[in-house]
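Enquirer: Produce the entire structure from the sequences given, and follow the hints as far as they go.
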Amino acid sequence: MTTTMNQRGLAAGIVLAMCFTGLSCRLVHLQVTRHKHYEGRAAKQNLHNEPIYARRGAILDVNGVPLAQNEPVKTVVADGSLIKDYDGLAQLLSGPLKMEAAVIRAKLGRKVKSGQGVGASPMRYIVLRKGVSEIEANEIARLVADTVATPKKDGLVYAKEAVRYEQDFVRVYPNGSSLCHVVGFVNEAGVGMDGIEASMNDRLASHDGSRYVERDRTGRELVLYRGQEKPPTDGGNVRLTIDLNLQQIVENELDIVMKQTRPKKASFIMMNPKTGEIMAMANRPHFNPNAVPKQKKGAPDTTRNIAITDQVDPGSTFKIVPVSAALTEGIVSLDTEIWCENRYWRTYKLSDSGTHGMLSVRNVLAKSSNIGTAKIAIQLGDQKFYEAARKFGFGDKTSINLPFEIRGSVVPPDKWDKLSLSRMAIGQSLPATPLQITNAMCVIANGGTLMIPQIVRDVAVDGHTLEYKPQDRWRVVPQRSATLTREALMQVVRAKGTAPLASVPGFKVAGKTGTAQKFEENGRASHEKFVLSFVGYMPAEDPAFVLLVLLDEPQAKLDSETGGTVAGPVFSRIAEKAARYLNLQPTEPILLPGAAGAKGKLTSNARNGR
Amino acid sequence: MSANRRRHINALPGLKLLLCFSIGAILLMTGLGYVYCQNELHRLLGETGRLERDSEQLRNLTEGVEVKITKYSSKQELKKKLDNGFFKLSPIAGEKIVIVTIPVKATGTKELRPVSNEKGAR
Numbered sequence: 030m031t032t033t034m035n036q037r038g039l040a041a042g043i044v045l046a047m048c049f050t051g052l053s054c055r056l057v058h059l060q061v062t063r064h065k066h067y068e069g070r071a072a073k074q075n076l077h078n079e080p081i082y083a084r085r086g087a088i089l090d091v092n093g094v095p096l097a098q099n100e101p102v103k104t105v106v107a108d109g110s111l112i113k114d115y116d117g118l119a120q121l122l123s124g125p126l127k128m129e130a131a132v133i134r135a136k137l138g139r140k141v142k143s144g145q146g147v148g149a150s151p152m153r154y155i156v157l158r159k160g161v162s163e164i165e166a167n168e169i170a171r172l173v174a175d176t177v178a179t180p181k182k183d184g185l186v187y188a189k190e191a192v193r194y195e196q197d198f199v200r201v202y203p204n205g206s207s208l209c210h211v212v213g214f215v216n217e218a219g220v221g222m223d224g225i226e227a228s229m230n231d232r233l234a235s236h237d238g239s240r241y242v243e244r245d246r247t248g249r250e251l252v253l254y255r256g257q258e259k260p261p262t263d264g265g266n267v268r269l270t271i272d273l274n275l276q277q278i279v280e281n282e283l284d285i286v287m288k289q290t291r292p293k294k295a296s297f298i299m300m301n302p303k304t305g306e307i308m309a310m311a312n313r314p315h316f317n318p319n320a321v322p323k324q325k326k327g328a329p330d331t332t333r334n335i336a337i338t339d340q341v342d343p344g345s346t347f348k349i350v351p352v353s354a355a356l357t358e359g360i361v362s363l364d365t366e367i368w369c370e371n372r373y374w375r376t377y378k379l380s381d382s383g384t385h386g387m388l389s390v391r392n393v394l395a396k397s398s399n400i401g402t403a404k405i406a407i408q409l410g411d412q413k414f415y416e417a418a419r420k421f422g423f424g425d426k427t428s429i430n431l432p433f434e435i436r437g438s439v440v441p442p443d444k445w446d447k448l449s450l451s452r453m454a455i456g457q458s459l460p461a462t463p464l465q466i467t468n469a470m471c472v473i474a475n476g477g478t479l480m481i482p483q484i485v486r487d488v489a490v491d492g493h494t495l496e497y498k499p500q501d502r503w504r505v506v507p508q509r510s511a512t513l514t515r516e517a518l519m520q521v522v523r524a525k526g527t528a529p530l531a532s533v534p535g536f537k538v539a540g541k542t543g544t545a546q547k548f549e550e551n552g553r554a555s556h557e558k559f560v561l562s563f564v565g566y567m568p569a570e571d572p573a574f575v576l577l578v579l580l581d582e583p584q585a586k587l588d589s590e591t592g593g594t595v596a597g598p599v600f601s602r603i604a605e606k607a608a609r610y611l612n613l614q615p616t617e618p619i620l621l622p623g624a625a626g627a628k629g630k631l632t633s634n635a636r637n638g639r
Numbered sequence: 005m006s007a008n009r010r011r012h013i014n015a016l017p018g019l020k021l022l023l024c025f026s027i028g029a030i031l032l033m034t035g036l037g038y039v040y041c042q043n044e045l046h047r048l049l050g051e052t053g054r055l056e057r058d059s060e061q062l063r064n065l066t067e068g069v070e071v072k073i074t075k076y077s078s079k080q081e082l083k084k085k086l087d088n089g090f091f092k093l094s095p096i097a098g099e100k101i102v103i104v105t106i107p108v109k110a111t112g113t114k115e116l117r118p119v120s121n122e123k124g125a126r
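Protein chains in written order, with the numbering used here: chain A, 30 to 639; chain B, 5 to 126.
Just to be clear, a hint being listed does not mean it is correct.
Not close to chain A: a few residues of chain B, all C-beta gaps over 12 Å, as computed [said to hold, decoys possible]:
| id | residue |
| --- | --- |
| 1 | Leu19 |
| 2 | Leu21 |
| 3 | Gly35 |
DSS-like mimics (lysine-lysine), calculated; alpha carbons at most 25 Å apart, straight line [as the list claims (entries may be wrong)]:
| id | chain 1 | residue 1 | chain 2 | residue 2 |
| --- | --- | --- | --- | --- |
| 4 | A | Lys447 | A | Lys378 |
| 5 | B | Lys20 | A | Lys288 |
| 6 | A | Lys288 | B | Lys85 |
| 7 | A | Lys426 | A | Lys444 |
| 8 | A | Lys113 | A | Lys65 |
| 9 | A | Lys136 | A | Lys159 |
| 10 | B | Lys79 | B | Lys92 |
| 11 | B | Lys83 | A | Lys288 |
| 12 | A | Lys259 | A | Lys73 |
| 13 | A | Lys606 | B | Lys72 |
| 14 | A | Lys288 | B | Lys72 |
| 15 | A | Lys159 | B | Lys75 |
| 16 | A | Lys294 | B | Lys72 |
| 17 | A | Lys606 | B | Lys79 |
| 18 | B | Lys100 | A | Lys606 |
| 19 | B | Lys84 | A | Lys606 |
| 20 | A | Lys325 | A | Lys293 |
| 21 | A | Lys303 | A | Lys426 |
| 22 | A | Lys547 | A | Lys537 |
| 23 | A | Lys444 | A | Lys378 |
| 24 | A | Lys288 | B | Lys100 |
| 25 | B | Lys79 | A | Lys294 |
| 26 | A | Lys113 | A | Lys142 |
| 27 | A | Lys142 | B | Lys75 |
| 28 | A | Lys113 | B | Lys100 |
| 29 | B | Lys75 | A | Lys323 |
| 30 | B | Lys92 | B | Lys75 |
| 31 | A | Lys558 | A | Lys537 |
| 32 | B | Lys72 | A | Lys159 |
| 33 | A | Lys537 | A | Lys606 |
| 34 | B | Lys72 | A | Lys127 |
| 35 | B | Lys84 | A | Lys294 |
| 36 | A | Lys326 | A | Lys294 |
| 37 | B | Lys75 | A | Lys127 |
| 38 | A | Lys303 | A | Lys65 |
In short, the hints are calculated from the structure, not lab data.
Positions of the beta carbon are idealized from the N, C-alpha and C atoms, including for glycine.
Expert: Structure follows, in structure tokens:
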């Protein structure tokens, strides 16, 4: 009996032990061997990876005024599966969303086919509206919550969670079309497509962070169980060298001259010759980066920054190159007399706008003699002329920090014909960008150094500031040649020069006019289509800025179509206002308008100016 | 009490009991404290989460308002308002402008001599 009892007890013990051993093994299997697998499954069920939004960097002007910034907005999304009363919700949302109830109703009613292809279920992700402001989104959320709190008699018409608000950001350009070509714009994904937005995209771009969060049954986050977190990285703030006040002065005058002369295109550039900093840059046609226009076939592309992407013949503004190169080589001095063939040079089929006999080199520039300049270039020689043009930066990118810049073109001497040198010397057959023309004048203004045009002053990232320093490329001409060329250029804006209307009361101005004929499709020079320009600097002895005024093909019928009479006065008006803004001290006596001889003399000379 | 009666009374191990109760009480308090702390932790972290959301919302609202301020005070907008006659620029007459020139040192003495526009200042 005792034996039987003992045996039974033992058997039961063994069975129990085996059971527990089996359970323990299973536990070990689940908890240890398959730990990772089940941990992952549990995490999938309860954990959500939520984004932590980062901001794209702002673009600021030199004084810190925002040119591009981010506006936090919400995308209003509905979940069709949680809605019972579609009409009621559509009616409720139509007011705050500023949309017709019927449109919202149609969106809410969208269905998706089920996996098996049988029947359709309500869509769970319906975008009702993008770009809703934070305040409006709060208003909508309050409205929905109030309605849910006081449900209709027949029960809940829709759950509070039926309408969600997803965080989003839109890029805003507070100054609209002003400075549009420099600032550029971004695409829908927030990636820079043009201007600084594109060229500095790496610095401006932000990287969203993320965080694993666990939620309870009601959807509330259990902060205690927050998982791995990746912090967001905001983009850097890019500060430009552009001064919005100067930009405004330039753009106001540009708008006035656009109305008066109706050119096909226009480009104004203001630059600090000592540092290469761009102080203002404006082009027409332009666009509003807040609503980038779609490119229409045959219509001009308004988004193009023509200051760096279009090329024009610089015309007489190029004459500073052969003259300063010849002065450097010692081939001529400012007082060297040159026979200007009395208007027409048969050998090279070249003419001047006025009848000139003997002219000093100084007057060749002041009166913009084509024949005189061609003769100087011929004395300089093919190779030296070509080298000088390249040294001044023609035929090469300026390396400005803006996208899509083109090189322009300088044909090498081995491809020239008999007339090439005489034409290139006067700025024909030598396409250049407006920025290259401005930068070449900066060489004379700063005493002979070619600068790399600078548009970005600094980038601020995470409390650190990365400064962009002015960079020079190379010395083009010695200081002495630059000073001599400046002396000649100062004659241009005097009474006997081609641009007396470009003078600024109280200041010494140096500059050069340009009146380049455009070529017809048949290759002949047009007598109706011109590129009118004036590029100059002020004060001549210690320049604060170089300014280019360039008008491509004015359409309006003008009394006189020359750079001196059309672009010169615009230069004068801008320079005068800029001088006030920059607090430049006048160095010359200012003649009052009524002063004897002052006005009449200027006007009569301006008529003949070229 | 007689020795015979005392034999039938079970002596209570008071010290042991006290020790047991104390350990029990400590364990109980620890357990309750743990639960309380856990609840507080959840509540405070929940509060932290709510504050985080609020501050994020506030940041968004501030940024939105900043964008609006910049937009409405931009030169483009001001120019538009000026063109529409929303406000106008009125010229300041010459005699109303006070021109203060750089102070000139009086000759002979080293004192500063103030100079101001005789007509202008009123």
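Enquirer: Can we trust that B:Leu19 is non-interface, i.e. its beta-carbon lies farther than 12 Å from all of chain A?
Expert: holds (39 Å)
Enquirer: Is A:Lys113 within 25 Å of B:Lys100, Cα to Cα?
Expert: violated (72 Å)
Enquirer: Tell me if the straight-line CA distance from A:Lys294 to B:Lys72 falls inside 25 Å.
Expert: violated (32 Å)
Enquirer: Does the structure keep A:Lys426 and A:Lys444 at a Cα separation of 25 Å or less?
Expert: Holds: A:Lys426 and A:Lys444 sit about 21 Å apart, inside 25 Å.
Enquirer: Against the 25 Å threshold, does the CA-CA distance of A:Lys288 and B:Lys100 hold or violate the hint?
Expert: Violated, at about 35 Å.
Enquirer: Given the hinted pair B:Lys83 and A:Lys288, is their Cα-Cα distance within 25 Å?
Expert: holds (17 Å)
Enquirer: Do the alpha carbons of B:Lys100 and A:Lys606 lie within 25 Å of each other, as the hint requires?
Expert: holds (21 Å)
Enquirer: Checking one constraint from the list: CA of A:Lys303 to CA of A:Lys65, max 25 Å. Satisfied?
Expert: violated (65 Å)
Enquirer: Run the distance test for A:Lys537 versus A:Lys606: straight-line Cα separation, threshold 25 Å.
Expert: holds (15 Å)
Enquirer: Beyond 12 Å from every Cβ of chain A: is that where the Cβ of B:Leu21 lies?
Expert: holds (35 Å)
Enquirer: Taken at face value, is the distance from the CA of A:Lys73 to the CA of A:Lys259 at most 25 Å?
Expert: holds (18 Å)
Enquirer: Would the pair A:Lys447 and A:Lys378 pass a check requiring their Cα atoms to be no farther apart than 25 Å?
Expert: holds (11 Å)
Consistency with the previously given hints fails for numbers 5, 8, 13, 14, 16, 22, 24, 27, 28, 31 and 38, ordered from lowest to highest.
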